[in-house]
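Q: Here the protein sequences come in this chain order: E and X. Heads up: take any position in the first sequence, counting from 1, add 10, and you land on the working numbering. Heads up: take any position in the second sequence, counting from 1, add 28, and you land on the working numbering.
Keep in mind the hints are simulated off the structure, nothing from the lab. A few of these clues could be false.
Which residues of chain E face chain X? A partial, calculated answer using Cβ under 7 Å [unchecked claim]:
#, residue
1, Phe95
2, Gly102
3, Tyr108
4, Ala163
The beta-carbon is built from N, C-alpha and C at its ideal position, and this holds for glycine as well.
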Amino acid sequence: MVIMIPFVLGIYYSMTDWNGVSSVINWVGLENFKGMFSQPQFIYSFLITLEYTAINIVSVNIVGFILSLLVTSRIKLRNVYRAGFFVPNLIGGIVLGYVWQFLFSNILIDVTDILGIIGGQRSLIARADTVIWAMSFVNTWQYAGYIMMIYVASIQSVPDSIMEAASVDGATYVKRVFKILIPMMASAFTITLFLTLTTSFKQFDLNYALTGGAPATRFMGKAIRSSQLMAMDIYATANANRMAEGQAKAVVFFILLVIFALLQIYLNKRKEVEA
Amino acid sequence: MIAGQKVAGQKNRHIGTYVLEICTLLLFLLFMMPFFIVLINASKTSGEIVLNPIALPTDFTLLFQNVKTIMELPTTDYIGAFFDSCIITALSLLVISLFSSMAAWVLVRNKKKWSTVVFMIFVSAMVIPFQVVMYPLVKWFKVLGDTIGIRMLGSYQGIVFAYLGFGCSMSIFILHGFIKSVPLELEEAATIDGCSQSRTFFTIVLPLLQPPFITVLILNGIWIWNDFLLPLLVLGTTGAVQTIPLAVMNFVGSYVKQWDLILTSTLLAMLPIIILFIFAQRYIIKGMVEGSIK
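All chains, full assembly: derive it from the sequences and hints.
A: See the structure below:
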């Protein structure tokens with residue numbers, strides 16, 4: 011009800027000239043979709059969303075996996091660590107976005123000053139070439155703990171006897187992890203990759219609070235915002251009273267998300283069968 | 029010689045464990061660093077932060093002063109936002125769990141074709157990103173509010189209704205999977221003993237649903253508490269009803285670069301959920317992991 015009616019309405023509005031102000035809504039067909047693909051901002055948003063998602067899929071999963079190995083090893087206080095790594099995940103993107111804005115623009119500049127690193131004079135989120143990396147870093151910090159928990163649950167379901175047998179047979183730790191643990195955890199990877207893919211692709215809160223789309227840069231000869239991910243681009247377009255255009259972007263956004271998610275699940279499921 | 033190798037191996041393992049422990053500790057400190065920095069900077073004056081943001085504060089009582097300043101500000105009603113957040117989260121959770129458990133039960137026990145169709149609609153609704161429906165939703169709420177005479181925008185009932193819609197599909201999905209494993213014989217026995225359908229549900233089925241309920245409550249609760257975009261659109265930034273994320277955003281908007289107050293406000297926003305986590309850690313972790321695996 012709350013989703014389906016607006017969804018159908020949304021597809022209809024994407025083919026009109028709805029602007030949120032005038033009460034007359036005219037049918038324009040696929041006009042909005044055509045305009046979108048020649049818009050530098052939209053193309054750039056799409057590209058950086060892909061970049062952001064790709065970075066996150068790799069970094070969140072690697073960090074999460076390493077953390078899960080650490081907290082399932084025999085170290086002391088592992089339950090405290092486990093909880094600690096998980097905490098950032100409980101706090102909303104808006105609040106964290108502001109906190110990290112402070113960290114990037116005040117603390118990090120000071121730290122790089124002391125360490126004498128050149129180029130640390132400008133905040134990482136104020137440079138068009140680093141801003142996506144900075145956002146991915148924050149997202150990794152926030153999300154790795156959650157992914158870690160899923161891996162932990164999966165590692166604990168792998169019987170100890172298999173790992174011990176391999177160890178007796180002389181397999182090194184690295185070999186055991188890569189040849190036994192990871193294949194046994196294939197179904198967990200399907201879940202974690204799906205989660206990181208969809209959440210990064212839909213990222214909005216953090217983007218909004220951390221950078222707000224800034225700084226500006228040039229792309230295809232036009233000034234655009236260099237950290238405006240797709241979800242935020244939709245919001246910004248619609249907020250500029252170009253509702254129908256934003257809605258058309260949202261429909262494209264939805265189709266892309268479904269395509270990527272299905273592709274990922276298909277590839278992962280094939281791996282699962284092999285393993 | 030073999031014995032010697034073994035001893036050396038054990039020693040190596042010990043060193044390895046220590047290295048591992050130190051690495052984990054360092055990582056842990058790195059993860060906690062942002063919270064620590066927020067805490068120390070929330071206890072400084074604005075001038076101190078600009079001069080030296082990484083130094084320890086000279087006077088920790090400043091934190092309470094900053095908190096007091098925020099509480100007494102006329103522009104943002106922090107306490108109000110906190111209670112609004114509580115009310116919205118609690119009401120939404122109540123409505124979601126009641127509605128979705130009943131719906132899931134009916135959908136499992138009803139073997140007709142339409143119940144599969146309805147279930148598939150709910151599942152497919154889970155895939156649709158919020159951005160696709162947000163503006164039509166606001167428009168639809170406006171029209172709906174005008175027609176039935178109940179305000180949907182900027183009110184509790186509106187946002188709770190929206191959360192019911194967005195939360196119930198996942199909840200129904202989780203509960204649906206669980207109810208399938210509840211033996212039908214229990215309900216049949218109750219029916220034979222003369223139990224009405226609604227009583228069967230409330231006295232027999234509902235108590236059995238405790239484990240998935242924890243998952244549903246935690247996943248939805250954390251999401252609703254932290255959600256930003258839906259309250260922004262449905263409640264608006266200037267409405268009478270505000271949630272904590274909205275209050276923080278408003279606050280940052282009106283006190284640009286007043287980092288002492290901004291950080292104190294983020295600290296206040298984080299505090300309730302961290303306290304909750306400390307007490308209900310086991311349930312929260314279990315709930316969130318199980319919810320994802322489903």
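Q: Could you check if E:Ala163 really has its C-beta closer than 7 Å to a C-beta on chain X?
A: E:Ala163 check passes; min Cβ-Cβ to chain X is 5 Å, inside 7 Å.
Q: When the nearest CB of chain X is found for E:Phe95, is that gap smaller than 7 Å?
A: holds, 6 Å
Q: Please check whether E:Gly102 passes as an interface residue: C-beta within 7 Å of a C-beta belonging to chain X.
A: This interface hint holds because 3 Å falls under the 7 Å limit.
Q: Is the interface hint for E:Tyr108 satisfied, with its Cβ closer than 7 Å to some Cβ of chain X?
A: holds, 6 Å
Consistency with the previously given hints is maintained throughout, with no hint failing.
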